[in-house]
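**Student:** These are the residues of each chain, in order.
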Amino acid sequence: WVPVVGLEIHAQISSNSKLFSGSQVQFAAPPNSLVSFFDASLPGTLPVLNRRCVEAAVMTGLALNCSINKKSLFDRKHYFYADLPAGYQITQQRVPIAVNGSLSYSLCIDSKMSQMVTKTVRIKQIQLEQDSGKSLHDDTRSQTLVDLNRAGVGLMEVVMEPDMCCGEEAAAAVRELQLILQTLGSSQAVMAEGQLRVDANVSVHHPGEPYGVRTEVKNINSIRFLAKAVDYEIQRQIEELENGGTILNETRAFDSKLGCTVPMRDKEGKQDYRFMPEPNLPPLILYDTKSLPANMNHQQVVNIDWIRERLPDLPRVKRAKLVERYGILPEHSFTLLNEDGLSEFFENVVKQTQMKPKKVIGWILNDLLSYLKQHSLTVKESPVSSFLLADLLNLLEKKEISPTAAKQVLGELWKGEGKTPLEIVKEKKLELIHDQKELEQICQAVIDGQENEVMAIKAGNLKVLNKLIGLVQRKTQGRSNPVLVKQLLEKKLSE
Amino acid sequence: QVSAALKEGRVTPTELCQRCLSLIKSTKFLNAYITVAEETALKQAEESEKRYRTGQPLGVLDGIPVAVKDNFNTAGIETTCASNMLKGYISPYNATVVQKLLDRGAVLLGKTNLDEFAMGSGSTDGVFGPVRNPWSYSRQYKEKSVLKSQSEDEESNWVISGGSSGGSAAAVSSFTCFAALGSDTGGSTRNPAAHCGVVGLKPTYGLISRHGLIPLVNSMDVPGILTRCVDDAAVVLGSLAGHDPKDSTTIQDNFKPFELPNLTDISKLSIGIPKEYNAPGLSSEILALWSRAADLFKNAGAKVIEVSLPHTRYSIVCYHVLCTAEVASNMARFDGLEYGHRSNMNKSTESMYAATRREGFNDVVRGRILSGNYFLLKQNYENYFIKAQKVRRLIANDFVKVFQSGVEILLTPTTLSDAAPYMEFIKEDNRTRSTQDDILTQAANMAGLPAINVPTALSERGLPIGLQFIGRSFQEKQLLSVAKWFEKQVKFPVIQLEEVKRHDHDVFQHQKSASFS
Numbered sequence: 001w002v003p004v005v006g007l008e009i010h011a012q013i014s015s016n017s018k019l020f021s022g023s024q025v026q027f028a029a030p031p032n033s034l035v036s037f038f039d040a041s042l043p044g045t046l047p048v049l050n051r052r053c054v055e056a057a058v059m060t061g062l063a064l065n066c067s068i069n070k071k072s073l074f075d076r077k078h079y080f081y082a083d084l085p086a087g088y089q090i091t092q093q094r095v096p097i098a099v100n101g102s103l104s105y106s107l108c109i110d111s112k113m114s115q116m117v118t119k120t121v122r123i124k125q126i127q128l129e130q131d132s133g134k135s136l137h138d139d140t141r142s143q144t145l146v147d148l149n150r151a152g153v154g155l156m157e158v159v160m161e162p163d164m165c166c167g168e169e170a171a172a173a174v175r176e177l178q179l180i181l182q183t184l185g186s187s188q189a190v191m192a193e194g195q196l197r198v199d200a201n202v203s204v205h206h207p208g209e210p211y212g213v214r215t216e217v218k219n220i221n222s223i224r225f226l227a228k229a230v231d232y233e234i235q236r237q238i239e240e241l242e243n244g245g246t247i248l249n250e251t252r253a254f255d256s257k258l259g260c261t262v263p264m265r266d267k268e269g270k271q272d273y274r275f276m277p278e279p280n281l282p283p284l285i286l287y288d289t290k291s292l293p294a295n296m297n298h299q300q301v302v303n304i305d306w307i308r309e310r311l312p313d314l315p316r317v318k319r320a321k322l323v324e325r326y327g328i329l330p331e332h333s334f335t336l337l338n339e340d341g342l343s344e345f346f347e348n349v350v351k352q353t354q355m356k357p358k359k360v361i362g363w364i365l366n367d368l369l370s371y372l373k374q375h376s377l378t379v380k381e382s383p384v385s386s387f388l389l390a391d392l393l394n395l396l397e398k399k400e401i402s403p404t405a406a407k408q409v410l411g412e413l414w415k416g417e418g419k420t421p422l423e424i425v426k427e428k429k430l431e432l433i434h435d436q437k438e439l440e441q442i443c444q445a446v447i448d449g450q451e452n453e454v455m456a457i458k459a460g461n462l463k464v465l466n467k468l469i470g471l472v473q474r475k476t477q478g479r480s481n482p483v484l485v486k487q488l489l490e491k492k493l494s495e
Numbered sequence: 001q002v003s004a005a006l007k008e009g010r011v012t013p014t015e016l017c018q019r020c021l022s023l024i025k026s027t028k029f030l031n032a033y034i035t036v037a038e039e040t041a042l043k044q045a046e047e048s049e050k051r052y053r054t055g056q057p058l059g060v061l062d063g064i065p066v067a068v069k070d071n072f073n074t075a076g077i078e079t080t081c082a083s084n085m086l087k088g089y090i091s092p093y094n095a096t097v098v099q100k101l102l103d104r105g106a107v108l109l110g111k112t113n114l115d116e117f118a119m120g121s122g123s124t125d126g127v128f129g130p131v132r133n134p135w136s137y138s139r140q141y142k143e144k145s146v147l148k149s150q151s152e153d154e155e156s157n158w159v160i161s162g163g164s165s166g167g168s169a170a171a172v173s174s175f176t177c178f179a180a181l182g183s184d185t186g187g188s189t190r191n192p193a194a195h196c197g198v199v200g201l202k203p204t205y206g207l208i209s210r211h212g213l214i215p216l217v218n219s220m221d222v223p224g225i226l227t228r229c230v231d232d233a234a235v236v237l238g239s240l241a242g243h244d245p246k247d248s249t250t251i252q253d254n255f256k257p258f259e260l261p262n263l264t265d266i267s268k269l270s271i272g273i274p275k276e277y278n279a280p281g282l283s284s285e286i287l288a289l290w291s292r293a294a295d296l297f298k299n300a301g302a303k304v305i306e307v308s309l310p311h312t313r314y315s316i317v318c319y320h321v322l323c324t325a326e327v328a329s330n331m332a333r334f335d336g337l338e339y340g341h342r343s344n345m346n347k348s349t350e351s352m353y354a355a356t357r358r359e360g361f362n363d364v365v366r367g368r369i370l371s372g373n374y375f376l377l378k379q380n381y382e383n384y385f386i387k388a389q390k391v392r393r394l395i396a397n398d399f400v401k402v403f404q405s406g407v408e409i410l411l412t413p414t415t416l417s418d419a420a421p422y423m424e425f426i427k428e429d430n431r432t433r434s435t436q437d438d439i440l441t442q443a444a445n446m447a448g449l450p451a452i453n454v455p456t457a458l459s460e461r462g463l464p465i466g467l468q469f470i471g472r473s474f475q476e477k478q479l480l481s482v483a484k485w486f487e488k489q490v491k492f493p494v495i496q497l498e499e500v501k502r503h504d505h506d507v508f509q510h511q512k513s514a515s516f517s
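Residue numbers (our numbering), protein chains in the order written: chain A, 1 to 495; chain B, 1 to 517.
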């Protein structure tokens, strides 16, 4: 069986005001407090295109390697629903703003995140359209409550071709898109706040045969659930077909509690949307430096080249730069970018310490990150700042403490009591013993106390040396440099 | 002239306003007004008076009483579109054109009657009843009509005002205001202007903002201007035209208001007479008048040539498809949820929608919605909507070709005949009437061109006949100059209405035509 997965993603544009009206865009405001006359579809009101939304769409199109259509059109898509006051949505059905792009994303081949493979999904198009309001069904009182705050907010619909084959790929692709949107600033793309909504189109077929009937899966609220929903639906379809059944071209909702998809009440069915050109909006004309007329008012114009020049580094580029600059592994760069603020944290630590980045990364990914995850904190909320961590790593580099001691100090730093690493070291007496004589004495003492082991080492079993080192460590309460200890022991044993 | 009178203090804005309000009351039987905003009008008049007293009037329009068709949004004053759907609807904002008038000190007397949602050519299909043409009660008409008995005449013989801006045309014609706003989608300003003997201007599409005008066909609607003389129309145009950021279909270029020159030499003018406008059903009377007008220009030295606009006969069918499609779309917002009439049916959202729309819309509106949705269905879109758009392009190109060949202005009739008696008119349904009546005016809307009706002469029945001039895009100055010249030549008579005479004042008495500029 070959599963085929395509995605329709709606990303809310990050802008101050809505796509066609001046009312504000804000999450979780009191109901119906952000509604302009146009949003409420008062008769006689007209749409006025928001420049920032156009720029966001162009940025996103460029970042996804699309051709930007210099002329795109707006259309009305008609259907009746309580959260659609005008009875139609303004969208771009005939000629969208961007077409024919691609998105590269990476997957781990195994679970250890040690090998990554790059895949590409084609972007069919990006179109600008209005978001609808929200309707809440109150079944007990048989009424529907309508909040129009969201009605008219600008959306970019990104259509990904069915180039994906499983939940993992879909999730990775969406994650990468999310990072790109956040890097561009064109959308905050937080799924939990409804700024990124994903619908999956899933079908299965036998190799060599034509594509199977597809279903659309909606109501997916997180990237994790996306992978689950897609995989469940693939399985469901395979089972259905293998049992001799057929797949209906239907819309299904993902039930996150049960982990399965269920048919949705046929809200739209096979609706005819009666598309019609939007007569109140002239065609959207975009320019590049070549086509820009000389005497044009630049406030009225969107210049594609101007936007292209100002695109920030995309995640792919950022990762490559991290790998090149710091010599870290590609997998590391993924993790750094995957966590909001982590790469900046890492770079700040590197700046402030003499420790090599390749070593710093271990502390960032293993110690810092796992602690944050355990306590459900974001990088921003970390009680240990990059300054403190760098300070600690410097102590380690200067060999003033051992790695074990460093971990202990870090454990103390998490408490966020405001102490510096040095203070903690002094407090807990964790400094490495630098006095060679003292160390030699302790080594000698250990050697003297472990006759059997000494004999074994002298006989050639060098592994036993580690036990002695361990004993010295214990005796010094971790305050000895294992490398130095090893040297001293070896020297003594060879005498 | 009234403006000058205001300035010189011969009459005050308040007096003017009161006189108009009182005249509105005496002409109530015309049913030209849906809402009379007496209180606010008097307040505005007071404000204007203050300004005149301190010698700081806002301009020519300061203190001038105006009326506005009831499909323009007026903040605080009911806007109904003559429909049950919007009965009692009080809009929170002013249409841009209304705001502009108010900003220049005009006094808003009230909202005028129309066909429901501007669909119709008689102003007979609104929920507040039909508008009666003031000329029905003129001495000129009464003298010419066959007398049965006094009362029978007045009650059963009254003629329609034309539509859909009939209320505005009747209001201007009966002297209850000095200017009125209408709308023009297929002739809705020019048609009633012709029947009521007033000037009706349809500006170029995109010149005047549609923000706040409740739309019929977004790609053809324009606000229309109704006045008693061409100079007045130019003044109102000057105060309304120009880019509106709230309306993305208005032109960006700066608009410069102009003063109309008094043309004396029209020998360089090239007038076109489109032969297709000798349409089936055109009365011989109007045909003759049209011909005489052409001769008038010829004798004054202008070049008058016959031209052809071959696709004219397709414009009505084309209009049907495009208009109903847009209507179906524009009316989708009337669901009773946010504003307007809401049915008591509450079994489900959908049943509430259906009942609300059935109760709120009349047959004409519902008919157009159904047709429009049919044309927009996926399987029909290509054959109807797209085809109609292509035909529209052909119609527009007809004009382009003619204007490119050197013709500057086209001269055509505005209507097929003079105003029909109401009892005759309603024998045919709205759609049939519109099909017949729009033929001479519709193409200008298709092509977005400016056009103006100038009252020309009285018919044999004593009713007004107007002729239409169509100009090139954004060449309103030229169009109005020619119209003004023509107006001067024909000297159209003043309506002789009892009620107006009773309210006579020096200001009106000695004028041939009472105008404000």
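Hints were generated in silico from the structure; no laboratory data involved. Any given hint could turn out to be false.
Once the Cα atoms are required to be at most 16 angstroms apart in a straight line, the calculated EDC-like pairs of lysine to aspartate or glutamate come out as [unchecked claim]:
hint: 1; chain 1: A; residue 1: 124; chain 2: A; residue 2: 147
hint: 2; chain 1: A; residue 1: 426; chain 2: A; residue 2: 400
hint: 3; chain 1: A; residue 1: 228; chain 2: A; residue 2: 216
hint: 4; chain 1: A; residue 1: 124; chain 2: A; residue 2: 157
hint: 5; chain 1: B; residue 1: 347; chain 2: A; residue 2: 139
hint: 6; chain 1: B; residue 1: 275; chain 2: B; residue 2: 306
hint: 7; chain 1: A; residue 1: 475; chain 2: A; residue 2: 448
hint: 8; chain 1: B; residue 1: 347; chain 2: A; residue 2: 138
hint: 9; chain 1: A; residue 1: 458; chain 2: A; residue 2: 490
hint: 10; chain 1: B; residue 1: 25; chain 2: B; residue 2: 8
hint: 11; chain 1: B; residue 1: 378; chain 2: A; residue 2: 161
hint: 12; chain 1: A; residue 1: 134; chain 2: B; residue 2: 338
Which bits of chain A does chain B cover? Going by a derived footprint, with three or more residues having C-beta under 8 angstroms, they are [stated by the list, open to error]:
hint: 13; segment: 84-98
hint: 14; segment: 217-225
A few chain A positions that, by computed beta-carbon distances, are all more than 10 angstroms from chain B [what the hints assert, rightly or not]:
hint: 15; residue: 41
hint: 16; residue: 109
hint: 17; residue: 212
hint: 18; residue: 272
hint: 19; residue: 303
hint: 20; residue: 339
Just so it is clear, the structure is predicted and the values come from calculations on it, not from any experiment. From the three backbone atoms N, C-alpha and C, an ideal C-beta is built for every residue, glycine too.
**Student:** If a hint holds in the structure, say so; if it does not, say that too.
**Tutor:** Do the hints match the structure? See the list:
1. Of the supplied pair hints, the one linking residue 124(A) and residue 147(A) is violated, its CA atoms being roughly 32 angstroms apart against a limit of 16 angstroms.
2. Taken as a hint, the residue 426(A) and residue 400(A) pair is honoured in the structure, with Cα atoms around 11 angstroms apart against an allowance of 16 angstroms.
3. Pair hint residue 228(A) plus residue 216(A) holds up; C-alpha atoms about 14 angstroms apart against a cutoff of 16 angstroms.
4. Under the criterion of a C-alpha separation no larger than 16 angstroms, the hint pairing residue 124(A) with residue 157(A) is consistent with the structure, at around 10 angstroms.
5. Proposed proximity of residue 347(B) and residue 139(A) is supported: the alpha carbons are some 12 angstroms apart, at most 16 angstroms.
6. A threshold of 16 angstroms between alpha carbons decides the hint, and for residue 275(B) with residue 306(B) the separation of about 6 angstroms falls inside it, so the pair holds.
7. Distance check on the hinted pair: residue 475(A) and residue 448(A) sit about 13 angstroms apart at the alpha-carbon level, within 16 angstroms; holds.
8. Annotation: proposed proximity of residue 347(B) to residue 138(A) holds, straight-line Cα distance about 14 angstroms (limit 16 angstroms).
9. Between residue 458(A) and residue 490(A) the CA atoms are separated by roughly 10 angstroms; this keeps the pair inside 16 angstroms, and the hint holds.
10. Pair hint residue 25(B) plus residue 8(B) does not hold up; C-alpha atoms about 28 angstroms apart against a cutoff of 16 angstroms.
11. Taking the CA atoms of residue 378(B) and residue 161(A), the gap is about 24 angstroms. The hint is violated against a cut of 16 angstroms.
12. With a CA separation close to 14 angstroms, the supplied pair residue 134(A) and residue 338(B) stays within the 16 angstroms bound.
13. Check result for the segment 84-98 of chain A against chain B: holds, 4 residues qualifying (beta carbon to beta carbon below 8 angstroms, three or more required).
14. Here the segment 217-225 of chain A counts 0 residues with a CB under 8 angstroms from a CB of chain B, which misses the bar of 3, and the coverage is violated.
15. Under the 10 angstroms C-beta cut-off, the non-interface status given to residue 41(A) relative to chain B is violated; the minimum distance is some 4 angstroms.
16. No Cβ of chain B comes within 10 angstroms of the Cβ of residue 109(A); the nearest lies about 45 angstroms off, and the non-interface call holds.
17. The claim that residue 212(A) lies off the interface holds: its Cβ sits roughly 24 angstroms from the closest Cβ of chain B, which is beyond the 10 angstroms cut-off.
18. A Cβ of chain B approaches the Cβ of residue 272(A) within 10 angstroms, the least distance being about 5 angstroms, so the stated non-interface status is violated.
19. Distance to chain B confirms residue 303(A) as a non-interface residue, since its nearest Cβ pair spans about 18 angstroms, more than 10 angstroms.
20. The claim that residue 339(A) is not at the interface with chain B holds, since no C-beta of that chain comes within 10 angstroms of its own (minimum 43 angstroms).
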